[in-house]
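> Residue-level listing of the chains:
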Amino acid sequence: DAGVIQSPRHEVTEMGQEVTLRCKPISGHNSLFWYRQTMMRGLELLIYFNNNVPIDDSGMPEDRFSAKMPNASFSTLKIQPSEPRDSAVYFCASTQGRDEQFFGPGTRLTVL
Amino acid sequence: SQQGEEDPQALSIQEGENATMNCSYKTSINNLQWYRQNSGRGLVHLILIRSNEREKHSGRLRVTLDTSKKSSSLLITASRAADTASYFCATSRDTDKLIFGTGTRLQVFP
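These protein sequence lines map, in sequence, to chains A and B. For the first sequence, the working numbering assigns the number 112 to the last residue and increments by one with no breaks. For the second sequence, the working numbering assigns the number 110 to the last residue and increments by one with no breaks.
Each hint should be verified, as a subset may be incorrect.
[Unchecked claim] In silico contact screen, one side only, chain B against chain A (beta carbon under 7 angstroms); selected entries: (1) Ser39; (2) Ile47; (3) Thr102.
[To be verified] For each label pair, taking beta carbons as the anchor points, the in silico distance ranges come out as: (4) Glu17(B) x Pro84(A): 39 to 47 angstroms; (5) Val53(A) x Asn30(B): 18 to 26 angstroms; (6) Gly59(B) x Gln96(A): 40 to 48 angstroms; (7) Glu100(A) x Asn18(B): 21 to 29 angstroms.
Rather than coming from a laboratory, the hints here were simulated on the basis of the structure. Glycine included, each C-beta is placed from N, C-alpha and C at the ideal position.
Take these sequences, add in the hints, and give me the full structure.
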């Protein structure tokens with residue numbers, strides 16, 4: 001298995017632009033998580049899905065952030081409009097059950 | 001808000017020495033997990049200990065859990081330069097959601 005796949009790996013954009021991050025979880029996993037990691041705030045859970053349904057989005061910073069999971073093999077995290085303070089590494093992770101989570105390599109987002 | 005606080009924030013040791021990292025958390029848990037993150041990479045799962053377990057081993061890793069003190073420790077024995085990374089504890093309660101600690105940065109010098 002290729003593991004969790006994220007794209008793009010790096011994204012540089014200008015303030016006000018729309019950013020879309022993509023994730024393909026491991027086949028057969030039924031839960032998917034989006035995290036954000038910064039030096040200041042550490043690793044934060046933004047939202048997670050179970051069987052493609054959003055379960056907990058309490059970590060989503062504000063209405064500029066939205067996430068979808070249209071099927072079991074694909075999820076997107078969208079930021080519109082982006083701001084410099086959104087600069088971070090965004091990780092996607094998946095799991096089957098409540099044990100080990102498998103993380104993707106992350107997307108490093110820089111908003112200028 | 002983060003559930004776990006880790007101590008120390010940073011640790012530097014020589015190859016061959018043991019490294020001990022501690023994690024404290026705030027609420028009751030179902031299990032506690034430890035992850036490693038190499039610079040610029042995603043997190044990798046190391047070991048899981050359930051709330052009814054007190055100690056677990058995996059290779060050079062030893063994890064303890066004290067639910068009365070709401071704390072856990074990760075011991076890496078006979079450390080190697082390749083162990084240089086950040087180490088995070090993460091707790092879960094009754095859902096799939098994990099809450100991560102602040103992490104310990106471990107530097108192992110050859």
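> If I claimed the Cβ atoms of Glu17(B) and Pro84(A) lie 39 to 47 angstroms apart, would that claim hold in this structure?
holds, 41 angstroms
> Lying within 21 to 29 angstroms: is that true of the beta-carbon distance Glu100(A) to Asn18(B)?
Since Glu100(A) and Asn18(B) have Cβ atoms about 25 angstroms apart, the given range 21 to 29 angstroms holds.
> Just to be sure I understand the hint, the distance between the Cβ atoms of Val53(A) and Asn30(B) should be within 18 to 26 angstroms; is that true here?
holds, 21 angstroms
> Would you check whether Thr102(B) satisfies its interface hint, that is, whether its CB is within less than 7 angstroms of any CB in chain A?
holds, 5 angstroms
> Can the hint on Ser39(B) be confirmed by a CB-to-CB distance to chain A that is less than 7 angstroms?
Given a least distance of 11 angstroms, the restraint on Ser39(B) is violated.
> Just to be careful: measuring from the Cβ of Ile47(B) to every Cβ in chain A, is the smallest value less than 7 angstroms?
At 9 angstroms from the nearest chain A Cβ, Ile47(B) fails the 7 angstroms test, so the hint is violated.
> Taking 40 to 48 angstroms as the hint, is the beta-carbon distance of Gly59(B) and Gln96(A) inside that range?
violated, 24 angstroms
Violation of the numbered hints given earlier is confined to hints 1, 2 and 6; the remaining hints are satisfied by the structure.
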